[in-house]
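Using the sequences and the hints, build the whole thing.
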Amino acid sequence: MQRTLGVCYYPEHWPETRWAEDAARMAALGLTFVRIGEFAWSRLEPKRGAYDFDWLRRAIDTLHAAELKVVLGTPTATPPKWLVDEMPDMLPVGADGLVRKFGSRRHYDFSHDGYLEECKRITLALAKAFGTHPGVVAWQTDNEYDCHNTTLSYSPAARSGFQAWLQQKYQSPDALNRAWGNVFWSMEVSDFDEIELPHLTVTEANPAHVMDFRRYASDQVVRFNKAQADIIRAHSPGRDVIHNFMGRTLAFDHFDVGADLDISSWDSYPLGFLEDRSDQGDAWKQRFARAGDPDFQAFHHDLYRATSKGRWWVMEQQPGPVNWAPHNPAPRDGMVRLWSWEAFAHGAETVSYFRWRQAPFAQEQMHAGLLRPDSSEAEGFDEAARVADELGQLDTVLDEMPDKADVAIVFDYPSGWAWEIQPQGREFDYFRLVFDFYRALRKLGLSVDIIPASAPQLDGYPLVVIPGLFTWSENLVAEIRDCKGQVLIGPRSGSKTSDFAIPDGLPPGLPRDVLDMRVTRIETLRADTPVQVTETGTFQFWREFLETGSDAETILSADDGVPALVNQGNLHYLGGWPDQALMRNVLSNLAKEAGLVTRDLNDGVRLRRHGGHVFALNYGASSFDLAELGWTGTPLLGELVIEPSEVTIMAVSDAGY
Amino acid sequence: MQRTLGVCYYPEHWPETRWAEDAARMAALGLTFVRIGEFAWSRLEPKRGAYDFDWLRRAIDTLHAAELKVVLGTPTATPPKWLVDEMPDMLPVGADGLVRKFGSRRHYDFSHDGYLEECKRITLALAKAFGTHPGVVAWQTDNEYDCHNTTLSYSPAARSGFQAWLQQKYQSPDALNRAWGNVFWSMEVSDFDEIELPHLTVTEANPAHVMDFRRYASDQVVRFNKAQADIIRAHSPGRDVIHNFMGRTLAFDHFDVGADLDISSWDSYPLGFLEDRSDQGDAWKQRFARAGDPDFQAFHHDLYRATSKGRWWVMEQQPGPVNWAPHNPAPRDGMVRLWSWEAFAHGAETVSYFRWRQAPFAQEQMHAGLLRPDSSEAEGFDEAARVADELGQLDTVLDEMPDKADVAIVFDYPSGWAWEIQPQGREFDYFRLVFDFYRALRKLGLSVDIIPASAPQLDGYPLVVIPGLFTWSENLVAEIRDCKGQVLIGPRSGSKTSDFAIPDGLPPGLPRDVLDMRVTRIETLRADTPVQVTETGTFQFWREFLETGSDAETILSADDGVPALVNQGNLHYLGGWPDQALMRNVLSNLAKEAGLVTRDLNDGVRLRRHGGHVFALNYGASSFDLAELGWTGTPLLGELVIEPSEVTIMAVSDAGY
Amino acid sequence: MQRTLGVCYYPEHWPETRWAEDAARMAALGLTFVRIGEFAWSRLEPKRGAYDFDWLRRAIDTLHAAELKVVLGTPTATPPKWLVDEMPDMLPVGADGLVRKFGSRRHYDFSHDGYLEECKRITLALAKAFGTHPGVVAWQTDNEYDCHNTTLSYSPAARSGFQAWLQQKYQSPDALNRAWGNVFWSMEVSDFDEIELPHLTVTEANPAHVMDFRRYASDQVVRFNKAQADIIRAHSPGRDVIHNFMGRTLAFDHFDVGADLDISSWDSYPLGFLEDRSDQGDAWKQRFARAGDPDFQAFHHDLYRATSKGRWWVMEQQPGPVNWAPHNPAPRDGMVRLWSWEAFAHGAETVSYFRWRQAPFAQEQMHAGLLRPDSSEAEGFDEAARVADELGQLDTVLDEMPDKADVAIVFDYPSGWAWEIQPQGREFDYFRLVFDFYRALRKLGLSVDIIPASAPQLDGYPLVVIPGLFTWSENLVAEIRDCKGQVLIGPRSGSKTSDFAIPDGLPPGLPRDVLDMRVTRIETLRADTPVQVTETGTFQFWREFLETGSDAETILSADDGVPALVNQGNLHYLGGWPDQALMRNVLSNLAKEAGLVTRDLNDGVRLRRHGGHVFALNYGASSFDLAELGWTGTPLLGELVIEPSEVTIMAVSDAGY
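Line by line, the protein sequences give chains A, B and C. If you count by the working numbering, then the first sequence holds residues 1 to 657, one letter each, in order. If you count by the working numbering, then the second sequence holds residues 1001 to 1657, one letter each, in order. If you count by the working numbering, then the third sequence holds residues 2001 to 2657, one letter each, in order.
I should point out that these hints are in silico values taken from the structure, not numbers from a laboratory. Where is the CB? At the ideal position from N, CA and C, for every residue including glycine. Heads up, a few of these hints could be off.
To give an idea of the interface, some chain B residues facing chain A are shown, with a C-beta separation under 10 angstroms as derived from the structure [claimed, not checked]:
| no. | residue |
| --- | --- |
| 1 | Ser1042 |
| 2 | Leu1044 |
| 3 | Pro1046 |
| 4 | Phe1053 |
| 5 | Asp1085 |
| 6 | Arg1100 |
| 7 | Lys1101 |
| 8 | Phe1102 |
| 9 | Ser1104 |
| 10 | Arg1106 |
| 11 | Asn1149 |
| 12 | Asn1323 |
| 13 | Pro1329 |
Listed below are the simulated DSSO-like cross-link pairs for lysine-lysine, each with C-alpha atoms no more than 30 angstroms apart in a straight line [what the hints assert, rightly or not]:
| no. | chain 1 | residue 1 | chain 2 | residue 2 |
| --- | --- | --- | --- | --- |
| 14 | C | Lys2047 | B | Lys1169 |
| 15 | A | Lys47 | C | Lys2169 |
| 16 | A | Lys120 | A | Lys226 |
Right, dumping it as structure tokens:
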């Protein structure tokens, strides 16, 4: 398929006289898609019912005339003031019990039925008006669900919604009391309307209570998105429904939302995410301050490739310095191009830059665009132009979907909620744990698919990794049984029932014929008290005491004699959170057993296999000779000696696979 | 007397069919006491007035049949939902003005008269039902007063209660205005109902105002406890009334509550307390991560031995990893036994483990028990069994109460409130100051008694230490006059009147014939700017400028010439917060003058003299030969070379006393 | 003119019998002024309308009889309880939406019209009663506006006041929508009463919205102060109206408030400010813990000399340890005298110590006075006496106003608001930036005037520095055009329009004939990723990408080739935040071009030229020989070899100017 570029554009921010010129410049740059409209409610409906769609039609017409394809956003992330004043109880309530006010964005409560109806109304009006416009080829629902931590709200609407959801799930208060273990601390209820939202308690609330609230809150996001998707599909046939997800956002189940989308997309801000959402220390942040974490984007590319069954975009690609991180450096020259290619290497259909022209006003005035506020070309413009040019040259080469990767990582949003509710040790974070495994695999040169725990298909993967999974589904246990590849489980996987209790026979709760081992005790560790496992590696943060039965074999032990890695057939259980050294030790051995070719990459260079080609990308500050990996021949793009910020594409046959 | 073991048990958490087997295993393990019932209100009274005590009677019968003795808890720490819904204003209010909600525990306001009546009602019903049951030998009132910082509440009930309390104390607004110095900043009131609670002020409230609020709040805890104790005593003759205190909890006056108890007990979690409540730096926490602070438990043993005149228990002893600290490591093998013996060394009647079986559900599911959730024996089970066995062998040896210790430390809860209200320097914390002295004394091998400032009896102590005392009582000044031992006062002692004002003649406010010296100025110091006092020692955090009269002599001066240690007769005044080196210097000299034998212990080994025996305990990671201290002969328990986590008991005569 | 000393006194805190003796001791000490009354509302009006001014009259009479001059404070910083209870909505509301309560001070909302009327009423009553009393020579309005961050309040009164203010400013909602860029995120309003206060939003509010709120809030302080000043002027002819400002307080525009005063004063607490309000690291704080930052006081002296056109005082001078910083050390001997002389070196008319006698009660009981609570003389007393003595000797010498300084720094409160609203990088703080320039100039031995951006007069300055200015006024651009001296602009100066938008032609927004250069991109930097500019210097925190036109020349470039310092005529633009090394490099070159004599001072020694004399002050811990600077001859005060904490005054001719 054709890989394309796009851009985000706000016609309502600029004089209409500039639109045609903007469109012409976009087309000349080689852009295909333009996303518009997603924050424009106050212009689309200045007063209740007084729709003003003409300007939007003219904007779409203008873009269409320039042969640009429009992705039209529903404006529901920014309800206008008149609407909020009509129904002030639609505003979200923080965990502190305080109502959040109008004045920025995402000021709505997913549980509020009245607001949901309003969203359906405006979506319907837009879908009817533009659903069959030839220039409109796709829709974006809302914008960045959960941005600014907006999934959870503690409003009266959330409380009554949660009560109804619980009634549906448990049918009787007694069933709920039993499931949650409410006999503990006399927390029993006799009616669903007694259930409170789990906040402002004297000490921690019951984890089972919080877990159900997290499930409920995720379901409200799904409901909200589906309501819009259904209307769009009914009135805009043949157009793709897209949402733009965020990085390191686990508050709702993206697989569930993604199931109602045609295309998952996400907003990729490598420098902002490194500064703001990385667990790495200052040395790492300093080192990659202008390049971004070498694995963060790749992880999310792989994740969102999975959430809508393979079709995915980058909807917003950082084009220069942004405005929202603690520090906002300029990207190193070439990085905007590299980030774009990293996305295509992972199978993106489209990379869309945010935004066309830097807005000189309001909250994002310090966020770079492809153009500066004075319409001159910013640094990112040239890099986008180069990518457009290269895409044109490599078009047939890339006309393929990526095939199955080397390794599958099983990923699960509810596990993220569970360990946030009950970290047990300060550093325990599900994303961090999974991402540690992902980084280690990628440093071995392996390509990764993310597999949802809720619908796992492990067949065909030489190596499967399942870290920190909250609880087993029957499906997943069956898949593990059937899996022919090497499977690495743990730490902490299967340590709970779905009711957030310790399983009857102790974790990991697998049938003995699958794994004849149990976790008799766990401990969480200060960063300065790791447990030594091999000469070079340790368990950090989390360690389990494993007791093996006769069918399981201990492969590695900690220095104090406690089993660390246990094996039964093709199944392996790891009883702690490995540091990168132990991680490398364990994963490279398993990869070897799985028949995979591994490489020992430095921190800056990364590979991604994509069908018949391998992409090499250099996030580092020094050049690297790919010949050291055994690469020979002529790259399709770039050079064998890969300079900082450069990209090289090679046929797999020349890359030693 | 016989020293015994116990355990905490929740029959309501388990099928009744398991109770008898549990009881049998407890008895076989060598346990004597079982605490039950303290969180079971929702099972004891599922709806108002619908008491269901039958299950509890069967549980008590079952335990009694196994010859176990029951400590029955009143369930008032966990009011059930129906009760909270009846009187929602019983919920506590935070200093942020926000109401805390149902959903965990301790969700009540000590000032709320309505809730107090409810507590009296359920206590009366239980006392009538079980007060004379032969299996019930003691009662626990409520559970862990102040846990989760629940002493202070800023509710309407607290406000009106406080106003009435002030009216009683001051009789007229003018008297209050004068006592508080309300002329300052025009804070004067003309009626008691004008008094606000001291929170949410623009800047700090008047310290005298806050101090009275702290006294009031402490009194409410006393009132709450006494109401239950009185009912129990009336209806359950001959049974002991116990409460289980916490570690490093100064929010209410434990001496006042303890006066209404027969037995003080406390809940000892060495590893959790080290991680969560220690002033020591990371190196110390790393070093003792699996052993606990070598002095923290001892301090509280000595403290709670004092709060109810000698009779005391450990009600909850950590048996393995817990769930609530930032990190929750597993104890080093042997530490559960060592902690148990440390308690007996300080005179505990009973050490009771928390809990029998790890609950697989709800908030404490990650808290170890003696049994795992699947009823298999956890690591702590074996250590408890060993202690039970050893207690059986040493029974007659331990059949004594500890005699007077070497040193008395005067301790005072109001001083804790005062310096929390007015630290003057960021690090100034009363507990930290007193504990620094305690640790230094213990490192010298000395045994310590804690003496309440409110009822001081200094007679017979060779050495008395009075650090950081808020204000003098006439009693205490008289005791100091009469004391034949060496007395060390300061820093900051007597620096306020009871109205939280600077005394007329400047601190320390003692009569000139007792101490002819005054503090003319104080300063608080950054950690990096200590004041050098001797070649090896410094004042840190807090330093006073002392001016001596003719009757006082300067013993030590700071490098800038300011007197640091002043002497008059057997009284000594220390004008700063000594670091451990200066502390050792000063205390060992005083101990020498007092005729006490001191030793120079390393960080890990600790001694406790108890009647005719000395206990040695090794918290450290390396072995220590007690012969280095001059010990000879055969220990009653353990070896002369004491290994990590080991305990040695020796006759005093063989230990060089 | 005669330079004088004063003191702050609270007759209402002490028995009337002591007043005369206090007055006699003040006079004997050499004090001229006594400030009284500013917190005494509850004594002046114990109940509504029941004025009790007699005691105050007797106090004034007593002071007057001792030939002391009284500065009488209005008591409006401490409204009494009965007044607050009458109108509870006068209480301020925090950004958290919670009402602040009675119980300390400054518990009022500047927007509240009812409270303003009350303040006018009490001011009028006092002005009528004492306005022509011969002992009353000046008035202080309120006390320390903004202390405890009290400028901003989020009350209903503030909301309606803000709406009216916006209506006045913008006249139509459309104009406001355009100015703020409310089309962004659908923030448009259709009526002024829809405008919310900018707090508790889901994410950041529109910076233009916040900026107007900050302007509004500043205006309320001005209104509040002017209301009192007008009444005083009407009823107390010939008396000076003074307010006492704070250190590092930018929340309201002190130039605007100062315009309604005869004399600006400020409250100078060198040790407290170093601990609590310094950006310097621990090493610096440790080093100057007992001396104070060598530049902090000087900066504010220069600032408040500017806010009321030259006449200024220190109203509260730290006399010893204070009570409110994280650590409160005692000043090094001599520092109280040095601080006093630093003020006179910058042209202070009067230095007034806070306070006469340390209060033994209430919030400030740990704040030293000239006397201790027992009326004995504290350390500061002797230092004040020495200053009084020296002033007497040097009186004629100092009888001059300081002439124009070497360098003008343009300072602007709105710039402080702007960069607090939009720091873009965590460390970006306007005060810190300006103060970095100030310190560098002072380390070069230069004397500085602060010039308001709102009324700039640059004429006659050899060197003008304009760092981080939010936006240009026409006046300032005209002044820059006309300026004959060297002008250094940037970083970030002129980067916004007054509507908080990026200027049309990109920053710095100056006409091309003034500066033919634009900033095409900016970046903010982690502290560990500075950009190298010269061999010794770097840009830290903030860096701009400059693009020069043909009329501008690049003087310095960063190592990556980006212009760092650009020159056009006598104008220079600096494209980043220089560290002290680069700062020194750039400023010493410019000073040279400007014909100024610079010196290379160490961290502890500072100079201040004042008319025909130069003051040298030694904040450091080692002595310094002023002969090294070329000083010769006999000082008027002090020695050529200046010891720590010492002051030397020299005729300029002998100091090499």
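Here is what the structure says about each hint:
{"no.": "1", "hint": "Ser1042", "result": "4 angstroms, holds"}
{"no.": "2", "hint": "Leu1044", "result": "9 angstroms, holds"}
{"no.": "3", "hint": "Pro1046", "result": "7 angstroms, holds"}
{"no.": "4", "hint": "Phe1053", "result": "15 angstroms, violated"}
{"no.": "5", "hint": "Asp1085", "result": "7 angstroms, holds"}
{"no.": "6", "hint": "Arg1100", "result": "5 angstroms, holds"}
{"no.": "7", "hint": "Lys1101", "result": "5 angstroms, holds"}
{"no.": "8", "hint": "Phe1102", "result": "6 angstroms, holds"}
{"no.": "9", "hint": "Ser1104", "result": "4 angstroms, holds"}
{"no.": "10", "hint": "Arg1106", "result": "5 angstroms, holds"}
{"no.": "11", "hint": "Asn1149", "result": "9 angstroms, holds"}
{"no.": "12", "hint": "Asn1323", "result": "7 angstroms, holds"}
{"no.": "13", "hint": "Pro1329", "result": "5 angstroms, holds"}
{"no.": "14", "hint": "C:Lys2047 x B:Lys1169", "result": "24 angstroms, holds"}
{"no.": "15", "hint": "A:Lys47 x C:Lys2169", "result": "24 angstroms, holds"}
{"no.": "16", "hint": "A:Lys120 x A:Lys226", "result": "10 angstroms, holds"}
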